[in-house]
Amino acid sequence: MATPTLYSYEPVKPHQLRLLKFVDYGTSVSAVLKTFSLHQPLPAYDSLSYTWTTNGDVLSKSWNLVINKQQLPVLDTLRPFIDVLESKGQLLDDRWWWIDSICINQSDVEEKAQQIQHMQHIYSQASRVICWLGKESGDSNIAMEFVKHLDKMSREKYHIDKLRTILQAGEYRAKWAALGNLLSRRWWWSRIWTVQEFVLPASISFWCGTRSVSRVAMCRGISTADKCPSVGIRATHGFIKANNRRRARGLHKYTTSAGVNVTLTLAALADYFSCMDVTDGRDRLYGLMGLSTDKWLPDVNYLLNAEEVCLRFAQAFITHYKSLDIIAFASTQIRPCSSWPSWVPSWRNDKALVVPLMVSQSSRTQIGNLRTPAALEVNASVVYSASGASEAIFKFEGSTLVVHGVVLDTVDGLAGSCNSEMDQCSAWESENVLSYSSSPTNILTSLCRCLVLDRKDRYMRCPMPTVEFLRDFLQLLAPLITETGIEPSPEIKEWFSWTKSLLIQGRSFESILRQILHAGIDHQGPAPNRDEYYHYTFFGRFFDAVIRMSLRLVVSRRGYLGMASGKAGKGDLIGNEALLGMDIKY
1 MATPTLYSYE PVKPHQLRLL KFVDYGTSVS AVLKTFSLHQ PLPAYDSLSY TWTTNGDVLS
61 KSWNLVINKQ QLPVLDTLRP FIDVLESKGQ LLDDRWWWID SICINQSDVE EKAQQIQHMQ
121 HIYSQASRVI CWLGKESGDS NIAMEFVKHL DKMSREKYHI DKLRTILQAG EYRAKWAALG
181 NLLSRRWWWS RIWTVQEFVL PASISFWCGT RSVSRVAMCR GISTADKCPS VGIRATHGFI
241 KANNRRRARG LHKYTTSAGV NVTLTLAALA DYFSCMDVTD GRDRLYGLMG LSTDKWLPDV
301 NYLLNAEEVC LRFAQAFITH YKSLDIIAFA STQIRPCSSW PSWVPSWRND KALVVPLMVS
361 QSSRTQIGNL RTPAALEVNA SVVYSASGAS EAIFKFEGST LVVHGVVLDT VDGLAGSCNS
421 EMDQCSAWES ENVLSYSSSP TNILTSLCRC LVLDRKDRYM RCPMPTVEFL RDFLQLLAPL
481 ITETGIEPSP EIKEWFSWTK SLLIQGRSFE SILRQILHAG IDHQGPAPNR DEYYHYTFFG
541 RFFDAVIRMS LRLVVSRRGY LGMASGKAGK GDLIGNEALL GMDIKY
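Per full-length UniProt numbering, the very first residue in the sequence shown carries number 1; after that it's consecutive.
Among these hints, one or two may not hold up.
Within a straight-line C-alpha distance of at most 30 Å, the following computed DSSO-like cross-link-like pairs (lysine-lysine) qualify [to be verified]:
| no. | residue 1 | residue 2 |
| --- | --- | --- |
| 1 | K162 | K227 |
| 2 | K21 | K34 |
| 3 | K322 | K295 |
| 4 | K152 | K227 |
| 5 | K567 | K500 |
| 6 | K351 | K567 |
| 7 | K88 | K148 |
| 8 | K135 | K148 |
Pairwise CB distance ranges (calculated) [unchecked claim]:
| no. | residue 1 | residue 2 | range |
| --- | --- | --- | --- |
| 9 | V407 | T466 | 26 to 34 Å |
| 10 | T441 | S565 | 22 to 30 Å |
| 11 | S501 | K162 | 39 to 47 Å |
Since the hints were made in silico from the structure, they are not lab data. Every residue, glycine too, gets a C-beta built ideally from N, C-alpha and C.
Based on the provided sequences and hints, a complete structural model is requested.
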């Protein structure tokens, strides 16, 4: 018996792509592959978004697709989809398909790099994209129907209180668990390449076994679930990654809208999806380029390693914008190895935030953030820019970045956090203060500003309303000091335990607070919000900065207050590259 001939790809030119059509050829799954020019109208085609593996980084190809009487080994994860397609009578319906692992010669590095640059066109021009979540499981049908139910409730526009009363009832517990299991199919929801496959197409449906739901229903369902904190799904990795996609899709729709100036920068995308899984570190950037509106990005080059790709991206950003803002991300991300340049972001993190840093403020379009479409309007005058209009003075020496900056102060003390003990301030010398009022009211006002980063909203579009936020701050702290009959917020209580002993200009935070409360505070107006869902309140902003961003209150040698990342320590210099091309003190 003759040994089957393995399929050999014909080369494609940079402006070409291959499409696949399944055909009837005996008992084997057979297809034709045809090359088309991107300079000519393409035939109508569908595209598949799926995962290459369900077993870590191990790729398994135990079956073959017959093409021109030759055999092409195909991923095992595709076989269940082919079977479902056949059961629906859609396998041999004369459709063209684009399936990346088949239509791209994965062993040709040059071709792979060329085809990646066509991804935006391929997915945005597809007639239909199917997101294959895998085979049916014990509760997957329940989950798919629950998504439709959540979509229906979203369209009926329930008030949030009524929505929570209904959906957080015990009768929905099994349905929430089923949805959690569906979103925990991590090899699709966690794969970085499927982000653009979710965002770009005009039409998408999700298939799980033989059941399907539309992307619109899935997005509305996820949005509805986001309003229900007590069911526990919001903190799961699967939900977070699904919700991130929903937000990216909502914003991407506006990047091509007439009269709307919306940017989706690669830096904002790469940080927001830094918790995604990749088998190749280079794809943390390459896998998101198709979504970015940046026009200055380096070319895709798989001859470079991951460190070189990230280094060249950081260098290109600094050179293009004459700004050092991008290096701020390195302080919050995982450093892969000791040889990795300390100033180069790796775009790897354990969590994703819509606005992770001050450099992500909405008014700075070179980075920006993934805010909701309702928050697109920005007042350009509301901007934090320590450097004014100054450009960075820098040079590159290999992988070293040399910059000019000014040392302003020194970190003298840091409040504790869930991961760090408090670092107490040194003995206070009043002559250290240059121009800073030390009255208790001014100190607490400054502290309040720090805890919300001096902004009213998560997207940093509006300045902090001082009177309103300070009143809420004091009312939330009051139950910890005086008998108010009100149960303190658990988050505020925990933060107070980390901070109460910290010395600020020679006095503990607790003693300063007691002096203010003893004099009496304003209890007029509504009770302070305690729901982190409402991000435009003091508590919502506190939750963002302290809980989500894990920032710590710091006191400088001169008695100034600020916020710093968990990596900051006593004795660190507070420099200001900002004076020479950076928007924040560093």
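Hints and how they fare:
no., hint, in the structure
1, K162 with K227, "holds (11 Å)"
2, K21 with K34, "holds (8 Å)"
3, K322 with K295, "holds (16 Å)"
4, K152 with K227, "holds (15 Å)"
5, K567 with K500, "holds (21 Å)"
6, K351 with K567, "holds (16 Å)"
7, K88 with K148, "holds (21 Å)"
8, K135 with K148, "holds (19 Å)"
9, V407 with T466: 26 to 34 Å, "holds (30 Å)"
10, T441 with S565: 22 to 30 Å, "holds (28 Å)"
11, S501 with K162: 39 to 47 Å, "holds (44 Å)"
In summary, the structure agrees with every hint in the numbered list given earlier.
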